[in-house]
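**Q** For reference, the chains in residue letters:
2 protein chains.
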Amino acid sequence: MNTDEFRRTGHELIEWIATYRERMESLPVMSPVAPGDVARQLPTEPPMKGAGLDHIVQDLERIVLPGITHWNHPGFFAYFPSNSDLASVLGDLACAGLGAQGMSWQTSPAATEVEDVVMDWLRQMLGLPETFTGVIQDSASSANFCALLCARERSTAFGQTRGGMQWEEEPCVVYASSQAHSSIPKGALLAGFGKEHLRLIETDENHALRVDLLEAAIQADLSAGRVPCAVVAAVGTTATTALDDVRGIADLAAEYGLWLHVDAALAGTAMVLPECRWMWEGSEAADSIVMNPHKWMGVGFDCSAYFVRDPEHLIRVMSTNPSYLRTAQDGEVRNLRDWGIPLGRRFRALKLWFQLQDLGVEGLQRRIRRDLDNAQWLREQVAATPEWELLAPVPLQTLCLRHVPAELAGDEVALAAHNLAIVERINRAGHCYLTPAVLKGQQMIRVSIGSTPTEKRHVEGLWQELQLQAVASLQGPVASSA
Amino acid sequence: MNTDEFRRTGHELIEWIATYRERMESLPVMSPVAPGDVARQLPTEPPMKGAGLDHIVQDLERIVLPGITHWNHPGFFAYFPSNSDLASVLGDLACAGLGAQGMSWQTSPAATEVEDVVMDWLRQMLGLPETFTGVIQDSASSANFCALLCARERSTAFGQTRGGMQWEEEPCVVYASSQAHSSIPKGALLAGFGKEHLRLIETDENHALRVDLLEAAIQADLSAGRVPCAVVAAVGTTATTALDDVRGIADLAAEYGLWLHVDAALAGTAMVLPECRWMWEGSEAADSIVMNPHKWMGVGFDCSAYFVRDPEHLIRVMSTNPSYLRTAQDGEVRNLRDWGIPLGRRFRALKLWFQLQDLGVEGLQRRIRRDLDNAQWLREQVAATPEWELLAPVPLQTLCLRHVPAELAGDEVALAAHNLAIVERINRAGHCYLTPAVLKGQQMIRVSIGSTPTEKRHVEGLWQELQLQAVASLQGPVASSA
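Quick mapping for you: the protein sequence lines, in order, are chains A and B. Going by this note's numbering, the first sequence opens with residue 1, and the numbers climb by one from there. Going by this note's numbering, the second sequence opens with residue 1, and the numbers climb by one from there.
Next comes chain A alone, as it looks inside the complex (with noise of 0.2 angstroms):
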């Protein structure tokens, strides 16, 4: 491809971005695509001749579009945000254009000083002290899965140099919330822990850790000849947004020596308000913080945020040094491919630097509030219209819901069944997305507030359609989305 024929479809290709996202609201939130619809629109076999880019803007729109799930529509309250604000999309465009390689300084100073900056501008953000340093992964579950790792090798003083997890006479353990993300077992059981050192701590009432347990399991470990390891603090879990009580469990790690991470995944862009810090007090303390401001933040994925106290043991846990990486700066510079599992980098740092030069911290600031503003709002309709329940407290942005019909009340199964179909009828609408998810026995509806484009009027469509949909939902079975 010459430039001519990619200014040309780069042109088209940005207009068409445009578009899509002037026309979002107007597309199915969810993709109704079967599956194979997609694939079978396209070639098994390679293209023998090279054909160029004219058609693919067409492509995109008949064969991709219709497969999308649209994370950026202001119906989605699925999952978590995961926004790609625009300034982002250019920011990942220059990035491409570049083509640098972020692995060692030399191989672009760029890519490693602009991370650095805008790194520190982000802990600043956030409140984090300057005892932290901070190195943009791919994702949470990696910045967790490393944060064990490093764990592993304190505990176990260094234990990969010599015999590894599997010559350790005395195994080590890692604690984390019964809610915690799946990437943290995920993470442990790669790790080499095993399952069998793996506590997962019950939950209080308002499905936080109980810190009671987390001493009394790392007491009986004690006793049995055990280590414990690691500890790991959510702020915001997934099914909930619930808050662990971070100083408690850090005061716990310091007295036992446990490594403590904090996973703030989603929570950590609300930290860019002042008024809601309290509730990761005690992270100040931590070995290790992962927040994604590839989430609420509005930079696109991959952009994780990893911070940690002690620079030199990560760097000692994922160094390789081979003399082919070897350059003349070594000794005074950064080489971010010894921060984290991957060798190489893309210089994802211009995305997060585009965000945050578009937006401000007050721009930030403003968004954050409108969905705290906008979450309060439904909760106090749920807790205000009767057979609605509201099932975990909410301090940020999500909300666990369910309708409790009285000709179904104390039935778990129906009541399960019946609020399932409320969240399939609402996705076959396509107004709105939301995810479904099970919270200790019990079947919810589970609405995450935070889409870049999300403002009240679509949060009171969304409540209009739970109310419409529950009452037709126990009036007949699901609409065909045909």
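In short, the hints are calculated from the structure, not lab data. Watch out, some of these pointers could steer you wrong.
Calculated pairs, SDA-like style, for lysine to any residue (alpha carbon to alpha carbon, straight line, at most 20 angstroms) [to be verified]: (1) A:K195 <-> A:A216; (2) A:K195 <-> B:P322; (3) B:K195 <-> B:E170; (4) A:K49 <-> B:G363; (5) B:K195 <-> A:A157; (6) B:K195 <-> A:F158; (7) B:K195 <-> A:T161; (8) B:K49 <-> A:G360; (9) B:K456 <-> B:A383; (10) B:K440 <-> B:D411; (11) B:K49 <-> A:R370; (12) A:K456 <-> A:H431; (13) B:K49 <-> A:Q365; (14) A:K49 <-> B:Q124; (15) B:K49 <-> B:D59.
Calculated Cβ distances over 10 angstroms to all of chain B for the following chain A residues [to be verified]: (16) T133; (17) E202; (18) A216; (19) G257; (20) G282; (21) P311; (22) H313; (23) V404; (24) L408; (25) E460; (26) Q464; (27) Q475.
Note that CB positions come from ideal geometry on N, CA and C, so glycine has one too.
Take the given structure of chain A and dock chain B to it, following the hints.
**A** Okay, now just chain B, sitting in the frame of chain A:
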């Protein structure tokens, strides 16, 4: 940012990228900035007010561009090529604009299905049998790590679901060549095998793993009660593109029950040429294979292709299934979150699709043959020129050479300094960029051909410059970059 601002800056950015690519040859390949030069041009505090992106293209030009080492420059002969062709840039733009999450099929069916289709195109292009299924990972480092984790779990009958590595009584052992990429030892250490259970087998005069020594090592471990677990065969090592005897290693892997992982990160692209496929004969017996479209195939980082023979095993090692991630289609679709470490997934298949569509198999073949021919041409020059020598065979596009002037012959320390000085002079002159490396104690000049715009004249220019700077280096100190 509203869509009008996006259009304005987006079009400007498309022009800037096109112009950047057009004038690239006039820029110094390796960034000439000193540590701190980029960072000090940015404010130390985040912007409070949103400022929009009206000046961002000027900022890119003024602050960022001088700090870029140009990986798509025709004079880029460093590391391995990591091309971001313009078609791929457009694919990344579409990916960012759609902002879709491909973690589950339902979260954007097109992200999964386009990946299914284009990864199968790629499998066919590489001549791999239908017994392999492909998935995109971020990097070969991560794919290698996944392979070792899968091997560990196979050898321990899913020890992660019990006591983990630490309770397996017989330690598991990983084997690879001493020329294996640094991500292999890193992955083995992170996976908990421990350095004591990592065997880096010596190589032969062609720098390929010695299969006889591999078998001896396996037998020694068996005799000592250890469990031979995995072997990595390198097709195209990083230092010299040496070719391990995959068939011989595969036979041993079959005999002793080892997981066979083939690391063809760079060389995999050459398998698009039928005449190159002898290089990885035996790979059809592998349990897993990695090759990087983001290297020589022109697809921008990150796009690493990981092929496995038993997807069910991969899924069992990597899967998580909390209620908030379950969807109605789980039984009938691929949920790619279960095929690697991160949960979230960008729509990376778009850029692979765009690139293959634009270039076609034949276009890609032409380009690879061009690079192979250029490498052979340079090999012939070096071989025919007094005082220059080749330190390794040239099966692909990378040459390992050095200048041995009569006055320094036999003095390894002086030769190392001399050849490093040649590289430093060339890098500072700015027309070409080379990365030196040490091969079995000998300092070499490493020339890796394969940047998309690199034509024969650029390789001719490099050869002239090597000869000129060799003479200059004998005559005086390194020229200052000032």
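**Q** When the hints from earlier in the document are held up against this structure, which numbers fail?
**A** Hints that this structure does not satisfy do not exist here, as all of them hold.
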